[in-house]
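Okay, here's what each chain looks like letter by letter:
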Amino acid sequence: MDSTATPVPSASRSADPAPPPPAPVIPPPSPQPAPPVLHNPTPAELAAAKADNEKGIVHGSEARPPTDKKMTDMLPEKPPVKDGFVELGNLRVEAAKYSEFREAMVHVSKNPEMNSIIERLEKGPNKTTVTTNEVSNNEMVPNKDGSAEVHWDAKHMHIASNDAHRSPATRLAHELDHADEWTHNPQRMLTNANTKAGAYGNLEEKRVITGTERRNVKEIGEGERHDHDYGKGNFEAKGVTSIEPVLHQTRGGVTSELKEGYTQSGKLTADDKNVYQEIGRGEKVAYPRDEFEGMAGGKKAVEALVASDKPYNVSVSKGEFQVAEARSPGREAQSNVR
Amino acid sequence: MSADASTSVQANGRETQIAKLTVYHLSRLVFTETALTGAQLEERSDLEKFETTDRARIDETIERIDRVATTPTSDVCDARWGLVFSNAAGVRVRSFYLDRFGTTGELDGAPVALPDESLIDWLRGQYGPDGVLS
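So the protein lines, in turn, are chains A and B.
Heads up: take any position in the first sequence, counting from 1, add 1, and you land on the working numbering.
Heads up: take any position in the second sequence, counting from 1, add 232, and you land on the working numbering.
In short, the hints are calculated from the structure, not lab data.
Take the hints with a grain of salt, since some may be wrong.
Simulated restraints on C-beta separations [said to hold, decoys possible]:
1. B:322 with A:38: 39 to 47 Å
2. A:227 with B:358: 33 to 41 Å
3. B:357 with A:55: 28 to 36 Å
4. A:67 with B:283: 47 to 55 Å
5. A:227 with B:341: 36 to 44 Å
6. B:322 with A:186: 42 to 50 Å
7. B:278 with A:304: 23 to 31 Å
8. B:288 with A:305: 43 to 51 Å
None of these values were measured; they are calculated from a predicted model.
We put the CB at the ideal spot given by N, CA and C, even for glycine.
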């Protein structure tokens with residue numbers, strides 16, 4: 002179907018007098034303009050960004066100008082699909098996950114500035130393409146031609162180092178903010194990306210995390226993180242807008258994962274409810290803590306895990322839970338988990 | 233540091249000869265939603281990857297690392313560069329990851345701070361392009 006075609010609602014209404022819903026207005030894609038002319042940030046530009054950051058000023062972290070457009074109008078439920086993508090002006094979304102994308106955006110639009118971001122991406126001078134994965138790969142990759150690629154995992158939530166829980170929807174909004182910056186302020190983005198910003202790594206991450214993301218999580222009741230760290234990791238979420246991790250509980254519980262005689266190496270952490278185990282690719286499995294503590298040796302082991310962030314060898318032998326600090330800390334121990 | 237000394241390191245209590253260096257590099261303008269660990273960096277498909285068994289090149293790289301006075305830090309390294317040294321059997325014996333600024337790293341699993349950008353400047357010159365989008 003032509004991406005510029007506007008769906009026509011059915012004219013049949015003999016049995017139902019209700020008027021048909023208005024046809025969604027989908028802006029046509031704009032022609033791709035010339036790539037932006039950019040330069041490596043000068044020492045003076047970097048010094049100015051650094052100085053402003055030290056004064057608490059992060060340029061671009063303020064809310065976008067309001068729009069009267071609503072998310073549900075901009076993102077129709079059943080838009081036309083072309084070559085596997087829904088094309089909403091210059092915003093392209095992988096059709097297979099469009100319904101999740103829409104659900105996520107409608108959710109975060111409780112912060113009205115998200116409406117502005119979507120409108121700015123649709124009407125922006127360059128294309129932004131959203132593709133999905135299930136391996137916790139959430140990122141924005143800017144292209145030299147001015148276009149942007151957003152990679153989104155609709156399946157996994159994140160728990161930050163301060164225990165802030167953030168949904169897949171919030172993670173998508175974070176990346177779309179980067180894409181909006183690349184689309185409308187690429188030179189500022191280059192300067193910010195090349196300016197250190199403490200726990201946030203660089204100023205572009207700080208701009209997003211302390212700006213739109215913080216306002217989003219406040220509106221939708223999620224956790225507020227204070228760094229850019231990997232934190233406690235990625236967890237399968239109960240839904241696109243959920244901050245609750247799915248607990249992997251197989252029929253045998255913990256012992257079905259930690260099979261008799263099999264040693265699992267890697268970092269384990271725990272909170273009041275769960276024990277978390279790294280399973281590679283940045284993912285973790287959450288086990289009910291009481292299951293661990295119900296096993297012989299389990300309670301003592303969990304206490305040790307909570308007290309340390311070092312990698313551990315974990316095993317189950319003759320029904321007894323055993324844990325010992327891994328002899329080779331760091332990278333080598335982590336690699337055993339994969 | 234002599235070549236023989238630099239390529240022979242203590243790993244897991246045993247002296248091991250380094251035979252291969254693998255350099256990983258990811259553009260500093262890939263904006264991940266959380267910082268990349270060294271393991272996550274290596275798993276990416278969009279990396280620049282360079283492998284060498286050239287003894288002189290390996291020696292010089294180790295010497296450059298050893299020349300930097302690293303100090304322990306609690307900062308997390310958002311890895312954009314990876315230097316992995318392996319022995320002849322392919323077993324990794326040393327690893328060093330650096331963030332995009334070259335001032336925070338992870339040396340053999342331990343987070344470290346670097347005093348300046350001399351190492352990453354050298355790495356860019358040796359192993360990577362240095363343009364607006366690199």
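Cross-check of the supplied hints:
1. B:322 with A:38: 39 to 47 Å: 46 Å, holds
2. A:227 with B:358: 33 to 41 Å: 36 Å, holds
3. B:357 with A:55: 28 to 36 Å: Distance hint for residue 357 of chain B, residue 55 of chain A holds at roughly 30 Å.
4. A:67 with B:283: 47 to 55 Å: Because 53 Å falls inside the window, the suggested range holds.
5. A:227 with B:341: 36 to 44 Å: Given a distance of about 25 Å, which is not inside 36 to 44 Å, the answer is violated.
6. B:322 with A:186: 42 to 50 Å: 46 Å, holds
7. B:278 with A:304: 23 to 31 Å: Cβ of residue 278 of chain B to Cβ of residue 304 of chain A: about 41 Å, so the range 23 to 31 Å is violated.
8. B:288 with A:305: 43 to 51 Å: 46 Å, holds
Hint violations for this structure: numbers 5 and 7, all remaining hints satisfied.
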